[in-house]
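Chains as they are written, first to last, in numbering that gives the first Met the number 0: chain A, 0 to 308; chain B, 0 to 308; chain C, 0 to 308; chain D, 0 to 308.
Warning: the hint list may mix true and false statements.
[Stated by the list, open to error] Interface residues of chain B toward chain D, partial, derived using beta-carbon atoms under 10 Å: (1) D37; (2) S193; (3) K299.
[Said to hold, decoys possible] From chain C, some residues computed to sit far from chain D (all C-beta separations above 10 Å): (4) S48; (5) D91; (6) M125; (7) P259; (8) V276; (9) E278; (10) I287; (11) T291.
[Claimed, not checked] From the structure, some residues in chain A lie toward chain B, with a derived Cβ separation under 7 Å: (12) P56; (13) Y111; (14) T112; (15) A229; (16) E233; (17) E298.
These are calculated hints, taken from the structure and not from any lab test. Beta carbons are placed, not taken as given, at the ideal position from N, Cα and C, and that holds for glycine.
Protein chains: 4
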Amino acid sequence: MTLPSRLTGVIPPVCTPLTPDHEVDTASLTALVDHLIDGGVSGLFVLGSTSEVAYLPDGHRKVVLDTVVGHVAGRLPVLAGVIDTATLRVIDHVRTAVAAGVDGIVVTAPFYTRTHPAEIDKHFRMVAAAAGLPVFAYDLPVSVHSKVGADLVLQLAADGVLAGLKDSSGDEGNLRNVILGARDLTAFSILTGSELTVDNALWMGADGVVPGLGNVDPHGYVKLFKHAAAGEWEAARTEQERLVRLFELIGVGDPARMGPSSSALGAFKAALQLRGVIENAMMAPPQIPLNTDEIAQVEKHLITANLLA
Amino acid sequence: MTLPSRLTGVIPPVCTPLTPDHEVDTASLTALVDHLIDGGVSGLFVLGSTSEVAYLPDGHRKVVLDTVVGHVAGRLPVLAGVIDTATLRVIDHVRTAVAAGVDGIVVTAPFYTRTHPAEIDKHFRMVAAAAGLPVFAYDLPVSVHSKVGADLVLQLAADGVLAGLKDSSGDEGNLRNVILGARDLTAFSILTGSELTVDNALWMGADGVVPGLGNVDPHGYVKLFKHAAAGEWEAARTEQERLVRLFELIGVGDPARMGPSSSALGAFKAALQLRGVIENAMMAPPQIPLNTDEIAQVEKHLITANLLA
Amino acid sequence: MTLPSRLTGVIPPVCTPLTPDHEVDTASLTALVDHLIDGGVSGLFVLGSTSEVAYLPDGHRKVVLDTVVGHVAGRLPVLAGVIDTATLRVIDHVRTAVAAGVDGIVVTAPFYTRTHPAEIDKHFRMVAAAAGLPVFAYDLPVSVHSKVGADLVLQLAADGVLAGLKDSSGDEGNLRNVILGARDLTAFSILTGSELTVDNALWMGADGVVPGLGNVDPHGYVKLFKHAAAGEWEAARTEQERLVRLFELIGVGDPARMGPSSSALGAFKAALQLRGVIENAMMAPPQIPLNTDEIAQVEKHLITANLLA
Amino acid sequence: MTLPSRLTGVIPPVCTPLTPDHEVDTASLTALVDHLIDGGVSGLFVLGSTSEVAYLPDGHRKVVLDTVVGHVAGRLPVLAGVIDTATLRVIDHVRTAVAAGVDGIVVTAPFYTRTHPAEIDKHFRMVAAAAGLPVFAYDLPVSVHSKVGADLVLQLAADGVLAGLKDSSGDEGNLRNVILGARDLTAFSILTGSELTVDNALWMGADGVVPGLGNVDPHGYVKLFKHAAAGEWEAARTEQERLVRLFELIGVGDPARMGPSSSALGAFKAALQLRGVIENAMMAPPQIPLNTDEIAQVEKHLITANLLA
C-alpha cells in the first residue's frame, strides 16, 4: 500500500518474539501483529529499538520483514527500521526492506563513528535516493549520541528528502519547532516516541505516536489518540495518565543485575506472555532475563491496569 | 597461522582503500598490505575503526577479509574486527572471519543499546564461545559509549575468555591496571591504540601497538617498537616525538565542513595516495572528502617527515 | 510575605542588568522588576541561571537580593537561587538570602564534584534544615550533570524537605511522573522552566512557569497562563506558539564566536535594552557580547512580535 | 617566595582536614603540611579538588590559605586553587589568595554555564590580568565538562598569560602535544595530576606531579620523582607500580552507598588518620563517610604498602 501523506494514529514499534534458541518466533510475531491490529493501530513499525533491532542479525531482520509484511497483506502500512552504523550498511537494509514490500523506512543518524551535521545531511540524502520510498528520520540521541535538530529536519523535509520524523529524543521544545516549521508541508508526518506525553505531542500538532508500551496495551494508546483526534482532551489526558502508571513496569529489573534495555524490553515481553499474546519472554543476548520476582511485579502492574483477565 | 601467546610489535589497523564507486579497491589493498609488511609490522588488524569498518557493508567486509588473508598467506597473523551492535550480529561476523581464516578477532562492547557490565561480560563470553579463536576486547568508549574496565578485562582473561586487549580508550591509568594485573598471565596480549604514547605503553609493559598512523609510516612505528624492545628508550622517544608531529595531519580537515573521522581518515588516505601506495583517497559515505587545500597540507606534513621522495 | 502552599502563575527568572564596569545596575534592575510586575507576574526568581548567577560574585548577589526584595516590598513572593557547588557553600548563600528577606530558595544538586543520589538526598536535607524557608529543587542536568529524578523529588516532598520543583531538565516524561506522584500533596509547587512547552506543562498539572523569555515578554507568558487557568487551551496554545517563534532570538549569536549562554542571555538583554527597560546589554565576563548585526536580528524579532513601538 | 620559572618535583594537592563540626582543623592541617614537607615535596597545592575545594565555603578557604601560607613561611612555594564558576567569582578568590601570600594560582575553565573556547580564552586572560601572579591552567574535564586543549594552552603560554598547566584530564596524547609545543618556552611548567602514570609524564617531559595519593605517601612520589630526575627510570617505574597498587584504596567505598569522590577522599583521609597525621577522617557534606569495614580495607592497603608501623 502507499503511505498516506500524513500518517496518523498509533504505529507501535513491534516487539520481536524469539524462540528459546533465539530464532524469530514467527507464530508469536503474527499473533502479536493480530493483537495490535485488533487494538486498532493504524500502522506498524518493525525493526525499531523496541523490536531489539540492534540485537537481531540480518537473517532475523529479513524473517521479521517477510513475516509481518506477508501477514499484514496491505491492511495497514508497515514502516521498517534500517538501523545500522553508516550509509552503505543502511542502504543494504533498505534494499531488503524494499524487496520485502514495506511502505516506508526509518533511519537514524550514523553512529559508532564520530559524525557531523554535514555528514548526517549527506547520509539522509543518500539513503533516501537509494530507497525510493518515504523516509522517516529517527531522532534518538540516547542511542546514536547525536541530535537531528529541527533545522536539519525541516531543510530535508523542504527538499523532499524526508517524509517524516520519528522523534524519540524526549526534547519537546525541538519537537515543537519541527511541528511549527512543518505546518505548511502537506506530506510530512511527525510521530512521537515519547510514551508519557502523547497527549502533549498531539496537542502541539504531532500526527501520531510510536509507543513501545503500545505492544502491551494497544487499545489504550488507540483510545488516547481517538479522544485527542475528537478534541476530547480531558479524556485523552485521563487515558494518558493511566498509561503513565502502567509504564512503571519498565523499571522492574534490578539495576544491579541488568541495564535499562533488559528491564524495559523484558517487562514488555513478560507482559505480552502473561497476556497470552506471545509464547515466551526470551530476549536476544546479551540482555539479562527478568527473574520470577520481577515478572511477578509485571503481573501486578497488568492486574492494576485491568489487562489480565 | 596460530597467534603467538604474546602478540608483540606493530599491528596496524589496515585502511580500506575504495574505488570511486565505493567498492573495495583490492589492488590497492594488497599494495597497502605489502607496504605494511615491507615496513616490518608483525601483524595486521583488518576491519577496525581506522579501516572504516562501521561504514563497510558485510559484502565489503568479506572482500577485505578474503583479500588480506589470501595475500598474507600465513606470513604474519591477521586479526579481524567484528564490529556490530550486539551479540548475535557479532557472531555472524565471527563466522565470516573464521571462514576466511583469520587468526584472532577483536570485539567491542555492545553499542546503540544501553548496556550494563553484566551484559558486556555475557557478550564477550558468548562471542568467544562461538569464535573458537583468540578474542581481543576492544576498549573504545568514544565509539561505544561504555568502558570495558580493568576488573572485567582481568576476570575474562583469568577465565580464558579473552586472549588480549586492544586499548583505544586513552585511559592510561586503567591500562596500567590491566598491565599489572595481567603480568602473570602467560597468554594475554595488551595492545595500545594510542598513537602518541606508544613508548609509554611499552614502557609500562604493553606488548604491542595498533597505530592508525602506522598505515602512513609503518617504518616509524616499527623503529619505535624495536628501540623499545632493545631498551633504547631515548631513541624510542625521539622516534615517537617525530610521529607525534606527523600525527598533526589528522587535523587538516575544516571542522566547519566535516567531522573528526572524515578529517583523520581522509588525511591517512590522502597520505597513502601521495606516497603512491593506494590509487585514490576515496572514503566511504557519508564522510566528507578533503579539499585541495587540505590535501596540500597533508603533503606538507609528509615532506616535513621525509615521507615523500 | 509567606509563600502560598501552591505557587502558581508566571515567576520569571529575573535578568541581572549590569553597568559597563560589571557592577549590578540597580536602577535598571528595579525598572526590570517594575516591567515584570506590570506584566502581571505572580512571583520573581532572582539569581537563577538566566540571572547569570554563576557569573556573579557574592557581593553582586547580595546587591541583587537587597535591591529586589526591597523594591518588591512584599507585593509578590521572591525566590532566590543559592547556586553553588556543594552543601556548606550553598548554606552560606541561604543565610544571605534569608537575611535579605526572600520567601523561598531554589537549590540544585551538587556540581563540579562527582556526586551520587545518596549525596544529593543528603544535600537537600541539610540545606532545607539550614534554610527554615520553603526549598525548591532545581533540576538542571545541562549545568550540574546529574538528574534529580522523580523518585527522589517525591520522597523529599513526602518528607517535608522540598516545597517544590523547578524543572529545567526538558524531560517531560519525568516531570509527568512528579506531577502524578505529587497530586495529593497539598503544599508542593511544580514549576517548569521549559519556555516552549508551557501549555503542555500546565495541561499535565504543573502550577507555574519560570520562563527566561518572560523577561522580554512577561505579558505573553501571563496571557498564556491565564488562558490555561481559565481552560482556554486553544488560546493558550496560540500564545505559546507566538512565544516559540519569539524564542528564536536566542540563536542570533554566531556559534563560531560564542557559546549558547552568551547568545541567549545577550539576546534577552539586548531585547530589554531595545524595549527601553534596562540601560545596556552588558553581560558578565567571560561571556561574549552580541555584535551590531546580531542585535539587529534581535530587533527584527521584537518587531515581528509587536514588542517595539 | 617567587615561583621558579620551571616548577618541578612533587607538589601534592593538600587534603583539608576538618573537625567533627565541619570547620577547618588547622592543627591537623599544619601537621599534614609538616608530613608533606618531611616527605620531601617541592611545593604545595592548596584548595584543589583533592582539598575538597568545591565543598569549602569562602571562610574555610581563607583559613586554609592563611594557615598553610603562614606555616610554610616561604620554605616552599604554595599554589592555590581559585575554583569557581566564572570570571568575577574567580577573581574574588584570586584577591583572597594574593592577600594571603600564595605564590601562584590554579584556574579551571568556567563551569555550570555552557562555555566556548573564546570564552575560556577570555576567562584566563582576565583572571591572569587580575592576579599579577603566575597562573596555571587546570585541565579537569571530569569536573568542568570542557577541555582546555593544547592549542589554547600553548597560545596562552606564548602570550605570557599562563605560567603552567596542571593536567588532570588523563589525556596523555594532548599532554604530549603541550609538552612538545612548550619545549622552547623558558618559563612554563607542566604538572600532571595523573597519579598512575607519573613516570610516563616525566619521561615525556613534564616538570612535576600533583598526586592526591601524595598526601598518604609523599615519600613514595618524591622517590619516584628523584629516580626519574636522575635517569633511573627502572627504579622510578618500580616505585610507580607500588603506588599504582596502593592507589586501589580509593575504591573501598561501596558504589551503592556513595559516589567516587566520597570513596577516594574518604580513603585518603582515613589513611592519614590511620597514619597518625590528622585527627579524624571527617569529610565535608554531602559526602558519605566510609564505614568500619571500608576503613579496615584502607588499613590493609597501608599495611601492604608498609605505611603503618
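Here is what the structure says about each hint:
Hint on D37/B is violated. Least Cβ distance to chain D is approximately 27 Å, over the 10 Å limit. The restraint placing S193/B at the interface with chain D holds, with a minimum CB-CB distance near 6 Å, inside the 10 Å limit. For K299/B, the shortest C-beta to C-beta distance to chain D is roughly 18 Å, which exceeds 10 Å, and the interface hint is violated. A beta-carbon of chain D comes within 10 Å of the beta-carbon of S48/C; the shortest separation is about 8 Å.
The beta carbon of D91/C sits about 5 Å from the closest Cβ of chain D, which is not more than 10 Å, so the claim that it is off the interface is violated. A beta-carbon of chain D comes within 10 Å of the beta-carbon of M125/C; the shortest separation is about 6 Å. Consistency note on P259/C: stated as away from chain D, yet its beta-carbon is not over 10 Å from all of that chain's, at 5 Å minimum. Residue placement check: V276/C keeps its beta carbon more than 10 Å from all beta carbons of chain D (closest about 23 Å).
Under the 10 Å C-beta cut-off, the non-interface status given to E278/C relative to chain D holds; the minimum distance is some 19 Å. Consistency note on I287/C: stated as away from chain D, yet its beta-carbon is not over 10 Å from all of that chain's, at 6 Å minimum. Distance to chain D confirms T291/C as a non-interface residue, since its nearest Cβ pair spans about 18 Å, more than 10 Å. Contact between P56/A and chain B, as hinted, is supported at the beta carbon level, the nearest pair being about 5 Å apart and thus within 7 Å.
Against a cut-off of 7 Å between C-beta atoms, the interface hint on Y111/A holds, since the closest Cβ of chain B lies about 4 Å away. With its C-beta approaching chain B no nearer than about 5 Å, T112/A sits inside the 7 Å limit, and its interface hint holds. Restraint check, A229/A versus chain B: the minimum CB separation of about 37 Å is more than 7 Å; hint violated. Because the beta carbon of E233/A sits about 35 Å from the nearest beta carbon in chain B, more than 7 Å, this interface hint is broken.
Taken as an interface hint, E298/A does not check out: its beta carbon lies about 24 Å from the nearest beta carbon of chain B, beyond 7 Å.
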